[in-house]
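Engineer: Work out the full structure: start from the sequences and follow the hints.
Chain order of the listed sequences is A and B. Start counting the first sequence at 8; every next residue gets the next number (our numbering). Start counting the second sequence at 21; every next residue gets the next number (our numbering).
Keep in mind that the hints were calculated from the coordinates and are not lab data. Take the hints with a grain of salt, since some may be wrong.
As the list claims (entries may be wrong) - Quick partial rundown of chain A residues pointing at chain B, CB under 10 Å, derived from the structure:
1. 13
2. 47
3. 98
4. 108
5. 109
6. 110
7. 112
Note that the structure is a prediction, hence the values are computed from the model and not measured. Quick reminder that beta carbons are idealized off the backbone N, C-alpha and C, glycines included.
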Amino acid sequence: NAGVTQTPKFQVLKTGQSMTLQCAQDMNHNSMYWYRQDPGMGLRLIYYSASEGTTDKGEVPNGYNVSRLNKREFSLRLESAAPSQTSVYFCASSVNGERYGYTFGSGTRLTVV
Amino acid sequence: AQSVTQLGSHVSVSEGALVLLRCNYSSSVPPYLFWYVQYPNQGLQLLLKYTTGATLVKGINGFEAEFKKSETSFHLTKPSAHMSDAAEYFCAVTSTGGGNKLTFGTGTQLKVEL
Chain A
8 NAGVTQTPKF
18 QVLKTGQSMT
28 LQCAQDMNHN
38 SMYWYRQDPG
48 MGLRLIYYSA
58 SEGTTDKGEV
68 PNGYNVSRLN
78 KREFSLRLES
88 AAPSQTSVYF
98 CASSVNGERY
108 GYTFGSGTRL
118 TVV
Chain B
21 AQSVTQLGSH
31 VSVSEGALVL
41 LRCNYSSSVP
51 PYLFWYVQYP
61 NQGLQLLLKY
71 TTGATLVKGI
81 NGFEAEFKKS
91 ETSFHLTKPS
101 AHMSDAAEYF
111 CAVTSTGGGN
121 KLTFGTGTQL
131 KVEL
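Structural biologist: This is the structure in structure tokens:
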């Protein structure tokens with residue numbers, strides 16, 4: 008059972024560079040999410056996709072874009088990385104409906120220098 | 021908007037002692053509540069959840085939590101701490117607006133000492 012797979016696990020970028028974080032789930036879940044985790048701030052929602060073909064902004068969307076490529080894949084793109092985007096990024100998925108909670112990937116640790 | 025408050029960013033207990041991690045939420049409608057655990061350099065793993073029914077919920081690794089509507093609380097407990105329980109714990113509540121969005125607390129780092 009792969010669950011939620013994120014790539015890469017680690018990345019160092021220079022300010023202004025772009026990159027895409029990949030996420031794929033094999034559980035046939037409808038909803039997918041991108042969070043960032045920063046010390047003392049918990050997890051903050053960047054973007055989410057309630058179902059294939061839809062995406063919506065979360066709490067901290069500035070500087071990011073997303074693509075729900077198909078039901079399995081949900082990517083996060085940084086067009087011009089900034090040091091403030093140094094963080095650990097988590098992708099998660101959910102069946103749908105509020106009672107089920109999320110399944111998380113193992114995270115991508117991104118450093119922008 | 022719903023919110024979650026976790027009292028105490030760091031909690032330290034002795035091995036074998038009671039673990040109590042506090043979580044309070046704000047919600048204008050009946051919430052669904054969750055506790056997640058994060059071990060170092062890993063993703064979050066679901067410990068337990070409250071949706072409906074019995075207010076005392078049992079989870080994995082001997083943890084349990086009680087939903088108290090009158091106190092808007094969902095505190096996490098374990099009778100006897102083990103060294104392997106050292107991790108960061110997050111409380112979460114469903115948020116309004118659809119999309120099954122969870123709002124997370126800022127986390128509590130649990131340290132277990134010999």
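Engineer: Any of the earlier hints contradicted here, and which numbers?
Structural biologist: none
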